[in-house]
Amino acid sequence: MGVSKVHNHSEYEQAVTQAFAYDNKILLEEYIRGREIECSVLGNDDPVASVPGEIIPSHEFYSYDAKYLDEQGAALEVPARLSAEIVTAIQRLAIATFKALSCEGMARVDFFLRDNNEILVNEINTIPGFTSISMYPRLWQASGIAYTDLIDRLIQLAFERFEKERRLQTAYAAD
Amino acid sequence: MAKKKIKVGILFGGKSAEHEVSLLSAKNIIEAIDRDKYTPVLIGIDKNGKWLLQDAANYLLNASNPKFIKLKPSERRVALVPQNEGRLTSLQGQPDPGSIDVVFPVLHGPFGEDGALQGLLKMADIPFVGAGVLGSAVGMDKDVMKRLLRDARIPGAKFIAATELAGIPEYASVVVAVGEPFLFLRGRQQGPQSLRI
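Those protein sequences? They're chains A and B, same order as listed.
Using our numbering, you'd call the opening residue of the first sequence number 1 and step up by one each time.
Using our numbering, you'd call the opening residue of the second sequence number 1 and step up by one each time.
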């Protein structure tokens with residue numbers, strides 16, 4: 001319903017007729033052929049990035065079932081097999097994306113990696129999945145932060161942000 | 001002396017196509033949270049958007065089957081109101097449902113991840129995990145997200161946004177701008193198609 005791949009004019013006409021039943025805005029996006037890499041980010045003002053992981057899809061589109069409900073449908077590789085240079089570049093871009101989009105606490109940033117090693121940011125998820133097969137906590141586990149410690153850290157970050165905002169408000173009121 | 005435990009309101013389920021995924025995520029968080037330090041307070045949001053206080057020992061039906069997992073029905077409707085120091089309000093005149101110190105939203109998609117809930121939590125003056133109103137809203141609107149990334153010179157796929165009001169671009173001009181084949185996406189990320197694990 002929401003996403004389709006358009007190869008020709010008639011497919012476009014067809015997609016257009018249904019488009020605005022669901023949303024008042026549509027996006028026409030370049031189709032990227034490449035590996036799908038994901039990176040977890042954690043922190044507020046000084047966020048850190050995890051080791052990247054890779055999704056090896058078994059369907060052309062990552063369907064709902066394949067992603068979450070059928071563990072066989074998705075092959076996850078954690079950490080992703082990447083050179084040290086690519087890992088560093090992805091981590092840097094993940095943090096830059098997190099900051100550019102005013103994120104706080106947590107986010108998972110999804111990338112495409114082309115054959116020529118070009119890295120493109122695909123999207124960000126501000127509440128990533130936490131299921132037993134989810135990338136966000138798995139990437140932190142692979143980076144040395146266990147699931148329980150991750151939850152603890154996220155809650156502490158929530159308090160830190162809250163206190164910081166409260167100080168700002170107090171300073172404003174006192175002026 | 002034992003330190004007072006922090007009460008973490010875990011909000012999960014939700015009025016979203018990703019309701020079941022949220023149940024699975026919440027289940028893991030509730031199992032893994034450090035009980036020496038935190039007391040989880042479970043608030044399940046049903047598919048109509050009602051907030052239901054749940055028993056941490058028994059809140060799911062078919063918990064072990066991802067395909068049939070369901071939020072257990074509950075009669076204990078609760079709400080958070082502005083500036084009430086985290087106290088939950090019972091909507092059905094039941095005994096005091098208690099209070100929470102911080103919220104962990106485990107909700108995917110609209111009403112949970114798009115800034116709406118984050119605004120409500122700010123009005124209630126309660127700390128919460130994750131992005132605030134702006135970061136949440138931006139992350140759910142792919143057009144705005146991609147414009148901000150372009151502005152920050154972060155590389156991404158080429159795109160054009162179109163609205164019904166402004167009119168749909170000609171096929172030929174789309175191909176010139178983004179190539180062929182291309183993806184046809186909804187502007188707001190409301191469906192499971194936009195998700196990855």
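Hints were generated in silico from the structure; no laboratory data involved.
We put the beta carbon where it would ideally sit given N, CA and C, even for glycine.
Among the hints, erroneous ones may be present.
Coverage of chain B stretches by chain A, computed from C-beta distances (three or more under 8 Å per stretch; other residues unrestricted) [unchecked claim]:
1. 44 to 57
2. 79 to 86
3. 93 to 105
4. 167 to 180
The list that follows gives simulated cross-link-like pairs (lysine-lysine, DSS-like), each with its CA atoms no further than 25 Å apart [claimed, not checked]:
5. B:Lys158 with B:Lys37
6. B:Lys5 with A:Lys164
7. B:Lys72 with B:Lys50
8. A:Lys164 with B:Lys67
9. B:Lys15 with B:Lys67
10. B:Lys158 with A:Lys5
11. B:Lys50 with B:Lys4
12. B:Lys122 with A:Lys99
13. A:Lys99 with A:Lys164
14. A:Lys25 with B:Lys15
15. B:Lys47 with B:Lys5
16. B:Lys37 with B:Lys50
17. A:Lys5 with A:Lys25
18. A:Lys99 with B:Lys158
19. B:Lys122 with A:Lys164
20. B:Lys158 with B:Lys50
21. B:Lys4 with A:Lys164
22. B:Lys3 with B:Lys15
23. B:Lys70 with B:Lys47
24. B:Lys7 with B:Lys67
25. B:Lys15 with B:Lys37
26. B:Lys15 with B:Lys158
27. B:Lys158 with B:Lys7
28. B:Lys158 with B:Lys5
29. B:Lys47 with A:Lys164
30. B:Lys72 with B:Lys47
31. B:Lys5 with B:Lys67
32. B:Lys5 with A:Lys25
33. B:Lys3 with A:Lys164
To give a feel for the contact side, a few chain A residues facing chain B, derived at Cβ under 10 Å [said to hold, decoys possible]:
34. Tyr22
35. Glu77
36. Pro79
37. Ser83
38. Ala84
39. Glu85
40. Val87
Tested hints:
no., hint, result
1, 44 to 57, "violated (count 0)"
2, 79 to 86, "violated (count 0)"
3, 93 to 105, "holds (count 4)"
4, 167 to 180, "holds (count 8)"
5, B:Lys158 with B:Lys37, "47 Å, violated"
6, B:Lys5 with A:Lys164, "22 Å, holds"
7, B:Lys72 with B:Lys50, "13 Å, holds"
8, A:Lys164 with B:Lys67, "42 Å, violated"
9, B:Lys15 with B:Lys67, "18 Å, holds"
10, B:Lys158 with A:Lys5, "15 Å, holds"
11, B:Lys50 with B:Lys4, "30 Å, violated"
12, B:Lys122 with A:Lys99, "21 Å, holds"
13, A:Lys99 with A:Lys164, "17 Å, holds"
14, A:Lys25 with B:Lys15, "21 Å, holds"
15, B:Lys47 with B:Lys5, "31 Å, violated"
16, B:Lys37 with B:Lys50, "29 Å, violated"
17, A:Lys5 with A:Lys25, "17 Å, holds"
18, A:Lys99 with B:Lys158, "21 Å, holds"
19, B:Lys122 with A:Lys164, "13 Å, holds"
20, B:Lys158 with B:Lys50, "40 Å, violated"
21, B:Lys4 with A:Lys164, "23 Å, holds"
22, B:Lys3 with B:Lys15, "36 Å, violated"
23, B:Lys70 with B:Lys47, "10 Å, holds"
24, B:Lys7 with B:Lys67, "30 Å, violated"
25, B:Lys15 with B:Lys37, "30 Å, violated"
26, B:Lys15 with B:Lys158, "32 Å, violated"
27, B:Lys158 with B:Lys7, "45 Å, violated"
28, B:Lys158 with B:Lys5, "49 Å, violated"
29, B:Lys47 with A:Lys164, "34 Å, violated"
30, B:Lys72 with B:Lys47, "12 Å, holds"
31, B:Lys5 with B:Lys67, "34 Å, violated"
32, B:Lys5 with A:Lys25, "45 Å, violated"
33, B:Lys3 with A:Lys164, "24 Å, holds"
34, Tyr22, "6 Å, holds"
35, Glu77, "12 Å, violated"
36, Pro79, "15 Å, violated"
37, Ser83, "18 Å, violated"
38, Ala84, "20 Å, violated"
39, Glu85, "16 Å, violated"
40, Val87, "17 Å, violated"
Consistency note: the structure conflicts with the earlier hints numbered 1, 2, 5, 8, 11, 15, 16, 20, 22, 24, 25, 26, 27, 28, 29, 31, 32, 35, 36, 37, 38, 39, 40.
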